[in-house]
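Protein sequences appear in the order of chains A and B. Going by the working numbering, the final residue of the first sequence carries number 374, and the count climbs one at a time with no gaps. Going by the working numbering, the final residue of the second sequence carries number 403, and the count climbs one at a time with no gaps.
A hint or two may mislead.
Unchecked claim - Residues of chain B clear of chain A, computed beta-carbon distances all greater than 10 Å:
1. R42
2. W49
3. H113
4. Y125
5. P134
6. D272
7. E338
8. G347
9. G400
To be verified - Computed footprint of chain B on chain A, listed as stretches where at least three residues anywhere in the stretch have a Cβ under 8 Å from a Cβ of chain B:
10. 210-218
11. 245-259
12. 275-284
Bear in mind the hints are in silico, worked out from the structure with no lab data behind them. Just so it is clear, CB atoms sit at the ideal spot from N, CA and C, and this is done for glycine as well.
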Amino acid sequence: MAQAVSRERRNFLRTVTGAGAATALFGLAPLRALAAPRARKVLVVTFGGGARDDETFMPDGQENIPHLLTELIPRSTFFTQVVNRGILGHYVATASLATGVYETFNNFATVPPDHPTVFEYFRTDLKRPATDTWVVAPSNGFNRIGESGERSYGRGAGVILPKRLLAAALDSGSGVEYQHLLRDNYETPLYAPEISGNEVELPHLAELLKISVSDFTTHARNLASPDELSVYVAKELMRQLAPSLLWITLHDMDVAHAGSYSLYIDAIRRTDRLCAEIWKATQSHPEYAGKTTMFILPDFGRDSDLDSGGNGFQHHRTGDALSRTTWMMAMGPGVRESVVVDRPVEPLDLVPTLGALLGFSARFAEGHPLAEVA
Amino acid sequence: MLPLELQPGQFKGYPPEARQLAVTRIALLQQLPAVFVALLLREIIAYDWKFPAERTDLDRQLSYLGSLAPQDRQRLLGGFAGLRLSADLEKFDWVNAPGEYSERLTAHLWATHQIDAFHRAAVDYMGRVDRGAPEGPPRLLRLGIVVVGRGVVENKYPLFRKLRKQGVYFTRLNPEKGVQKLLDAVASRATAHPARYGHWYIDGGAAEAVSCPALTCVSYEALAPARLALLNRMEKAIQSGIGGPEALRTMIAELRPEDVGLKGPAGDAVLDHFQVSVLTQGSGTQIFSTTFVQWAAREALRRAQPLTLLARFAPRQRQRPMNEMLSGEKQNPALDPEGSLIDADMGAFYTWLNQGRLAGAERSSFLVWFEGHQEALAIAPALPRNTESDSSIDLKELVGQIT
Numbered sequence: 001m002a003q004a005v006s007r008e009r010r011n012f013l014r015t016v017t018g019a020g021a022a023t024a025l026f027g028l029a030p031l032r033a034l035a036a037p038r039a040r041k042v043l044v045v046t047f048g049g050g051a052r053d054d055e056t057f058m059p060d061g062q063e064n065i066p067h068l069l070t071e072l073i074p075r076s077t078f079f080t081q082v083v084n085r086g087i088l089g090h091y092v093a094t095a096s097l098a099t100g101v102y103e104t105f106n107n108f109a110t111v112p113p114d115h116p117t118v119f120e121y122f123r124t125d126l127k128r129p130a131t132d133t134w135v136v137a138p139s140n141g142f143n144r145i146g147e148s149g150e151r152s153y154g155r156g157a158g159v160i161l162p163k164r165l166l167a168a169a170l171d172s173g174s175g176v177e178y179q180h181l182l183r184d185n186y187e188t189p190l191y192a193p194e195i196s197g198n199e200v201e202l203p204h205l206a207e208l209l210k211i212s213v214s215d216f217t218t219h220a221r222n223l224a225s226p227d228e229l230s231v232y233v234a235k236e237l238m239r240q241l242a243p244s245l246l247w248i249t250l251h252d253m254d255v256a257h258a259g260s261y262s263l264y265i266d267a268i269r270r271t272d273r274l275c276a277e278i279w280k281a282t283q284s285h286p287e288y289a290g291k292t293t294m295f296i297l298p299d300f301g302r303d304s305d306l307d308s309g310g311n312g313f314q315h316h317r318t319g320d321a322l323s324r325t326t327w328m329m330a331m332g333p334g335v336r337e338s339v340v341v342d343r344p345v346e347p348l349d350l351v352p353t354l355g356a357l358l359g360f361s362a363r364f365a366e367g368h369p370l371a372e373v374a
Numbered sequence: 001m002l003p004l005e006l007q008p009g010q011f012k013g014y015p016p017e018a019r020q021l022a023v024t025r026i027a028l029l030q031q032l033p034a035v036f037v038a039l040l041l042r043e044i045i046a047y048d049w050k051f052p053a054e055r056t057d058l059d060r061q062l063s064y065l066g067s068l069a070p071q072d073r074q075r076l077l078g079g080f081a082g083l084r085l086s087a088d089l090e091k092f093d094w095v096n097a098p099g100e101y102s103e104r105l106t107a108h109l110w111a112t113h114q115i116d117a118f119h120r121a122a123v124d125y126m127g128r129v130d131r132g133a134p135e136g137p138p139r140l141l142r143l144g145i146v147v148v149g150r151g152v153v154e155n156k157y158p159l160f161r162k163l164r165k166q167g168v169y170f171t172r173l174n175p176e177k178g179v180q181k182l183l184d185a186v187a188s189r190a191t192a193h194p195a196r197y198g199h200w201y202i203d204g205g206a207a208e209a210v211s212c213p214a215l216t217c218v219s220y221e222a223l224a225p226a227r228l229a230l231l232n233r234m235e236k237a238i239q240s241g242i243g244g245p246e247a248l249r250t251m252i253a254e255l256r257p258e259d260v261g262l263k264g265p266a267g268d269a270v271l272d273h274f275q276v277s278v279l280t281q282g283s284g285t286q287i288f289s290t291t292f293v294q295w296a297a298r299e300a301l302r303r304a305q306p307l308t309l310l311a312r313f314a315p316r317q318r319q320r321p322m323n324e325m326l327s328g329e330k331q332n333p334a335l336d337p338e339g340s341l342i343d344a345d346m347g348a349f350y351t352w353l354n355q356g357r358l359a360g361a362e363r364s365s366f367l368v369w370f371e372g373h374q375e376a377l378a379i380a381p382a383l384p385r386n387t388e389s390d391s392s393i394d395l396k397e398l399v400g401q402i403t
């Protein structure tokens, strides 16, 4: 089944982009060695609340991802078969992406990952300051994702939860016009967890980004969703601090848990647009243009319509092939364009791949560097 | 505790019929793997509130298991027996709290990478039961009807895309008095073929008046007080620091109809329990009427296996912050008819899929109609597939054609 999903994506991608198989290209000198820039930047964009092929790469779904199809995929090496063998909960799965180990903690607990994160490897091995790596994430439990509980590490990324910041900024005034940006956790629509921990607080962020609280809230008024707020904050981070490793987790499409298909589709279209916007931002910024490798991947998929144990797009509870099999694209200097990689890889391979690109050792990670891009 | 140690007295906390069933079958239960017994008890403990079709299905499974030689039974359930459990799960009181056990087991299976093995065991088990003790066909050819798009004046969304290959797409249907004609057709079937919980009408707004005692009616509007009571309970629990989403889920799962002020007609505790389960187990059913209709239809099909189902979608509220929607504060929120039509279009597809999972699916019929408009799609054994029709027909005639 996973192979069938992969095959569908591959065939479609070849049709629309003229992409070639990576296997045909192996044996050539690694292009990265020729083009590796000196001050490399890496952006990782994950979707919490994966988009299924039905709503993206299948014929009826292609209308939802015009930016991915026409702007980003032609520039990327595309992995058609990323198989997630871990727990399909957004925080624990994203933490697994960030550690390279399938974490097994309670998805709804406010705990740090058990294994060192990519941010800790990056800072410790490369002796980078705290300002050089950041996470921008939704508010549902992600505040602990920047640093693990592993004692030998612990200096990781600052975590920015834009919704929390906005809520804090609105404490003293009317928040009615911003309510659309404060949507709570979707994975359990019935519960928004209390957050306490390591996230960056509003005054600190305002100081870092050289933006006033009133400017922040004024800008927020013109945005349509929490993910737009996240991308706004991420772009400000790039402008002011130009971190070398920036991790953005988008989460709008997880509204699917509330069972509304139209809202889920709206969110996919928004995510598609935001991904292109992030890439454009890297290309227009002198600190990033020509130096940035960007990875885009859903944390996992969602249930198939055909699995009677689930309820289709609404959840990711069955553990079926469609919910476990997703994709990843990588683009930037040294990454081959319009290449499709069919072999199965795992999300755990991301951290070792980032290690190979940036020059740190992901020694506790269980994945392997992806030779096609690292 | 091991299943072999089960004693009749341990079921004293079960409702009467559930207790009787468990005690009668105790010799069989003692011979089954612990995981499987716990999951079976989760069904048995709710026996008093189950629909006739569910009872028949549970009885069928127990009879089949009892008919097997010990070694065959062991082989059938080997996938469950092979699961590795934690010490906590082994010590857990799965006799009295099988629901909570199931929640914990699920988390354990995910964390230990055994969830796929569990699914394989479950699918294998059901497949073998179905082959060994097949369900009989329904006594009346099943009919599913879905009505979508109430309140939409103009539509540009391509409707029924996922279903068109299966039947005939009508483009010039006469919509006049359409809802009434469908209700009449459904009531007529219910009267002619009475079956307890065999004919259903689910409405995402207020239910139309139907004078047919044989029709089981559920509506989003009628459940407004129960929804509000549920949301209030959840809000209070969250404010009191209940301890996380899982604790909240456990608390909600234990709610009884009377806890949310639901008291149906005398003797209809089964329906009350069903309605509470739709609100407590269906994610989003408390806040979006479209989700409510889709999930209620799915659960009615899965559990009651009705001979007739009419599910009518209504506009849901616009998207607002989740915490605001959950608080239930705004009594008359703005509606989103266009978005609701898209929700309902997908809901119709899911309803057809769920109907297709029941016995006799190959001979059943299905109709989806864009309310107040000329578009409909019909699927029936006698109709061609992947076809478009511009013939002028009304809903009474169309239902007549497909049943």
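Going down the list of hints, with the structure as the test:
1. With a least CB separation of 15 Å from chain A, R42/B remains clear of the 10 Å interface cut-off, as annotated.
2. For W49/B, the requirement that its beta carbon stay farther than 10 Å from each beta carbon of chain A is met, with the minimum near 22 Å.
3. Against the 10 Å criterion, H113/B falls within the reach of chain A, whose nearest CB is about 7 Å from its own CB.
4. Non-interface status of Y125/B relative to chain A is upheld: no Cβ of that chain comes within 10 Å, the nearest being about 13 Å off.
5. With a least beta-carbon separation of about 17 Å from chain A, P134/B lies farther than 10 Å from that chain, consistent with its non-interface assignment.
6. Taking the minimum C-beta to C-beta distance to chain A, about 21 Å, the non-interface status of D272/B holds against the 10 Å cut.
7. The Cβ of E338/B sits about 8 Å from the closest Cβ of chain A, inside the 10 Å cut-off, so the non-interface label is violated.
8. Against chain A, the non-interface label of G347/B is violated: not every CB pair exceeds 10 Å, the least being about 8 Å.
9. No Cβ of chain A comes within 10 Å of the Cβ of G400/B; the nearest lies about 30 Å off, and the non-interface call holds.
10. Using a Cβ-Cβ cut-off of 8 Å, 0 residues of the region 210-218 of chain A lie near chain B, which falls short of the minimum of three, so the contact claim is violated.
11. For the region 245-259 of chain A, the assignment as covered by chain B holds, since 4 residues bring a beta-carbon within under 8 Å of that chain's beta-carbons and 3 suffice.
12. Counting residues of the region 275-284 of chain A whose beta-carbon sits less than 8 Å from any beta-carbon of chain B gives 0, not enough to reach three: the coverage restraint is violated.
The earlier numbered hints that this structure contradicts are 3, 7, 8, 10 and 12.
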